[in-house]
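K.L.:
Sequence:
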Amino acid sequence: MDVSSLKRWLECRGLKTGGNKSDLVQRCKDAVKAGKLEEIDITIDGGKWCDLKAAKTKKDPSPLYRQIPENFNYGHIYHYLLESVVMVSENGKTEDTDLSHLTSKPLTKGQQYVKSGSVSEIMDNERNHHYFIKAKVAASMRNEERIVQVTLSCLSGAVRDTSCTCPGSALGSCNHVAAVLLTLDKHCKEFEHDLIACTSKQCEWGKGQKNQKNPGQITDASYTSYKPKLLKLTEFDPRPTDLRKASDVNMNSFSNNLKYDYVSTGKTSMWHTLIKYTYADYEISPERRGILKSQAWDFFTNIKQECCLSEKDVFMIPKTESQSESIEWKASRWFRITASTAKKANTLGNLLKSPPTDASLRKFQAYISSTVWNLSSFMYTSPDM
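Numbering (the numbering used here), first residue to last: 1 to 385.
Derived by calculation from the structure, the hints in this document are not laboratory data. Please note that a few of the clues may not be correct.
[Stated by the list, open to error] DSS-like mimics (lysine-lysine), calculated; alpha carbons at most 27 Å apart, straight line:
no., residue 1, residue 2
1, 33, 7
2, 134, 105
3, 213, 189
4, 186, 115
5, 363, 353
6, 276, 259
7, 213, 227
8, 21, 36
Just so it is clear, the structure is predicted and the values come from calculations on it, not from any experiment.
The task is simple: from the sequences and hints, build the whole structure.
P.N.:
Rendered as structure tokens:
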């Protein structure tokens, strides 16, 4: 052998391939003496030789079994061994509809023969639309072999006739016959000679289309096969065309009326939380700004004169004897800091002296809304929240 062949021989057995020819020859002799002649590394060449060997063993073990009827399956075995046995009663009458004698013993014993490898020397042949099998089954209690013969129909795959040399084969359904039939069924399942039942196949009907479905409102749903109407029922407005849209002026007036009704009756309405004031964009000229500032100072001066307001001294507001029902008392007190809110106002004032944060501004806005404008968070809660 040349050097390349020696290296290949050593490589296949997982041994070192370095050195000259004499070293390689000596290493091969040592491997043979160590009993590594048949030890082939399965990972050699990426394991392709192991895959080829496995593929060969997966094929039919012998030239036999190549004419097995396509319709042969486990159901024919069960029917022949159990259901087709005819029972003879005491009066001599035969009944083939009595299933009280059914037992799984032949199938259980036959399966044990198959697992233990007791079935051997199987031979087959086909003639006149019949498939014949002859095999040997080792006896369980003695060192003997039973000769089993089976006849199958090539058209239906049913078991037509069986025979065995054992004493218990008077009805042709002994354990040795079951072992041969189960061996044949095992071969059909392993090498895909058996037809797959419909119930064993993957369901291919009733699945539906795999479309991406995004849940949403029924009013926003659209269907390709549906022709929508020009106007949806949910958007229908029975009013005249000129009254279907409300102007900003009317909406603002409606909001004002709701607030006036709240002041006069004391009953709150959720409409003023849904309807907001809308103003059109406009610009104020410098002259107009001066006029508005002058009017604001005049209004403040009139309030001071009417209430005898002093910037430093404590004063008594006239006509406040019945304060709970006095409109003048409420009009004069709503923008003031009272004793009940003085501590809270002082705390907010200290917070606003430093650079304001989002938290301090939210507290300030909440204080103004609840104290000055008498608006609580409950009044801004709508039924949809």
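K.L.:
With reference to the structure, classify each hint as holding or not holding.
P.N.:
Here is what the structure says about each hint:
no.	hint	result
1	33 / 7	holds (18 Å)
2	134 / 105	holds (23 Å)
3	213 / 189	violated (42 Å)
4	186 / 115	holds (11 Å)
5	363 / 353	holds (14 Å)
6	276 / 259	holds (12 Å)
7	213 / 227	holds (20 Å)
8	21 / 36	holds (20 Å)
In this structure, only the earlier hint numbered 3 is contradicted, and the remaining ones agree with it.
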